[in-house]
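Visitor: When you read off a place in the sequence shown, starting at 1, and then add 420, the result is the number in the numbering used here.
One should not assume that every hint holds.
Cβ-Cβ distance ranges computed for the label pairs, FRET-style [unchecked claim]:
| id | residue 1 | residue 2 | range |
| --- | --- | --- | --- |
| 1 | G448 | A634 | 16 to 22 Å |
| 2 | A673 | R422 | 19 to 25 Å |
| 3 | A676 | P525 | 31 to 37 Å |
Since the hints were derived computationally from the structure, they do not count as laboratory data.
We treat Cβ as the ideally placed atom computed from N, Cα and C, and that holds for glycine.
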Amino acid sequence: MRTPDMYLSGIGSVIPPVFPVDRAVAEGLYPALEAEVHEFLGVALAGERPAPDMALEAARTALERADTGPDSFSLLLYTGTWHQGPDGWPPQAYLQRHLLGGRVPAMSVRQGCNGLFDALELAACYLRAEPARESALLVAADNYGTPMIDRWRIAPGVIAGDAAVALTITKNTGFARLLSVTSTAAPAAEELHRSGEPMFPPTITDGRPQDFTARLDHYRANPPAEADVLARIPGLLLELVETAVAEAGITIADLAKVAFETRSREIIEQRVMVPLGLDVSKSTWEFGRRIGHCGAADQFLALEHLLVSGELVSGDHVLLLGQAPGVVLSAGVVQVLEIPEWTV
Numbered sequence: 421m422r423t424p425d426m427y428l429s430g431i432g433s434v435i436p437p438v439f440p441v442d443r444a445v446a447e448g449l450y451p452a453l454e455a456e457v458h459e460f461l462g463v464a465l466a467g468e469r470p471a472p473d474m475a476l477e478a479a480r481t482a483l484e485r486a487d488t489g490p491d492s493f494s495l496l497l498y499t500g501t502w503h504q505g506p507d508g509w510p511p512q513a514y515l516q517r518h519l520l521g522g523r524v525p526a527m528s529v530r531q532g533c534n535g536l537f538d539a540l541e542l543a544a545c546y547l548r549a550e551p552a553r554e555s556a557l558l559v560a561a562d563n564y565g566t567p568m569i570d571r572w573r574i575a576p577g578v579i580a581g582d583a584a585v586a587l588t589i590t591k592n593t594g595f596a597r598l599l600s601v602t603s604t605a606a607p608a609a610e611e612l613h614r615s616g617e618p619m620f621p622p623t624i625t626d627g628r629p630q631d632f633t634a635r636l637d638h639y640r641a642n643p644p645a646e647a648d649v650l651a652r653i654p655g656l657l658l659e660l661v662e663t664a665v666a667e668a669g670i671t672i673a674d675l676a677k678v679a680f681e682t683r684s685r686e687i688i689e690q691r692v693m694v695p696l697g698l699d700v701s702k703s704t705w706e707f708g709r710r711i712g713h714c715g716a717a718d719q720f721l722a723l724e725h726l727l728v729s730g731e732l733v734s735g736d737h738v739l740l741l742g743q744a745p746g747v748v749l750s751a752g753v754v755q756v757l758e759i760p761e762w763t764v
């Protein structure tokens, strides 16, 4: 989807202190062989800090950097991949209470690690539908330091970090232009992330942990009739990227950086960068390997890092790319218009 006259005006994050992988291996939390193969250096740990509290801090930073107040917002979209607080409680209401107030519609977006991509699509459409609507606040946050999940074994080639990120998108000007955002899906692969588990009662209500590794192993040992869909996903990913860059009016060769969700080096290199014909140095792996896979926040944490670290200049194009259970693939292209003063 082309997104004319849609801009990023602010971005903020919370990245907690990092727990070194070497220490995790020494304490028996993370297998030494996996540490050697996957090459992560650390993972961000929030301790007992609630995800919505991190989200609120990130959102306040984003608004400050956008130099705008709560009254200019017409929508709040909140996404996360893990439990946010008491069951049945909407975390977006916490941000309404402490930041935007009740006149702004606030909703939760559930699309796994691609939640912010869907939020971008929805927000862009919502803002364009009514001339008076100016801006939207999008937030993602997670804390995996709970029972029922093991951040060190969450999925093959993945360790889970805690973090929050918030971004403000607007029809007014900003430091970057959102040129396109698009998604596709391979629903025949939805069983991949539930294989071997009953659909009822839901896992968390029955005292069973979330274990994607076990489910993937079960899927491979008991492949369904449509298991060949997995072989088609790399092609779908390439088609998606080609669509996203074409809608942005550029080519893959024009990309300055690619921000994929934080997985192991070999996954990012072999499944993403090599098919795109790009060197892994154009990815954000070196940043991500230091904090882990932070749910739906990865690509946007990386974008903020690229700006602050001086790795981008005006005119650069960045591809944001993700994959989530479903299987859902999402992509967006951002063009940097100026390096914000807050990066200094």
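Visitor: Compare the structure with each hint and give your call.
Guide: Against the structure, the hints:
Between G448 and A634 the C-beta distance comes to about 19 Å, which sits within the given range of 16 to 22 Å. Under the hint 19 to 25 Å, the C-beta atoms of A673 and R422, about 20 Å apart, fit the expected range. Separation of A676 from P525 is about 35 Å and conforms to the stated range, judged on CB atoms against 31 to 37 Å.
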